[in-house]
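All chains should be modelled from the sequences, with the hints used to inform the complete structure.
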Amino acid sequence: TMICTGCCTTLDHIVTYLFKQLYPKGNYARRKNAVVPGGGDLFLQVLKQHPEILQQILSTVLNVIMFEDCRNQWSMSRPLLGLILLNEEYFNQLRENIIRSQPVDKQATMAQWFENLMEGIERNLLTRNRDRFTQNLSLLIKDINDTLKGPYSSANVSNDMMTL
18 TMICTGCCTT LDHIVTYLFK QLYPKGNYAR RKNAVVPGGG DLFLQVLKQH
68 PEILQQILST VLNVIMFEDC RNQWSMSRPL LGLILLNEEY FNQLRENIIR
118 SQPVDKQATM AQWFENLMEG IERNLLTRNR DRFTQNLSLL IKDINDTLKG
168 PYSSANVSND MMTL
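What the sequence shown shows, in this note's numbering, is residues 18 to 181, in sequence order.
Keep in mind that the hints were calculated from the coordinates and are not lab data. Treat the numbers as computed from the prediction; the structure is a model and nothing was measured. Heads up, some of the hints might be wrong.
Computed beta-carbon distance windows for the label pairs [said to hold, decoys possible]:
no. : residue 1 : residue 2 : range
1   : 24        : 125       : 31 to 39 Å
2   : 113       : 163       : 16 to 24 Å
3   : 24        : 145       : 37 to 45 Å
4   : 58        : 105       : 19 to 27 Å
5   : 91        : 31        : 16 to 24 Å
6   : 129       : 67        : 20 to 28 Å
7   : 122       : 91        : 42 to 50 Å
8   : 21        : 135       : 35 to 43 Å
9   : 62        : 126       : 37 to 45 Å
10  : 126       : 86        : 17 to 25 Å
For lysine-lysine, the following DSS-like pairs were computed, each having C-alpha atoms within a straight-line distance of at most 27 Å [as the list claims (entries may be wrong)]:
no. : residue 1 : residue 2
11  : 159       : 123
12  : 65        : 42
13  : 65        : 37
By construction, the Cβ of each residue, glycine as well, lies at the ideal position given by its N, Cα and C atoms.
So this is what it looks like as structure tokens:
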């Protein structure tokens, strides 16, 4: 548990650094071909050439939180918001895959849960915004767990690892 917490903290620092480099001074408009002065541009160039690095991390963190017995939900939620904001298009694809993997009668419910996850979330990593995201994520996890533990749980929600 302590190792996971340390890894999440490190990942959060990296993601926060990247976000601040890509969107300095609160300029949250999408920027393509962002070049950061100083030493940060090399790191950003590597990620630009290999976006799958952060995408795979996003997929893994989301799946662990949603579908595994995650005992560090708060710690894992912290880098998740930054990963989502840095990979919005990929997150939307991932979300759609998760929704489509559910039984037809559960897809609308899962879609609503994802809408609720991002309800009231702004495009920043301020503490208040992170806290709101963590609260929303807690509700998502509760809804998923209630469904998984409900009657006929094996048919309610597919909990296979989702990647693109």
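Tell me, in ascending order, the numbers of any earlier hints that this structure violates. 3, 6, 7, 8
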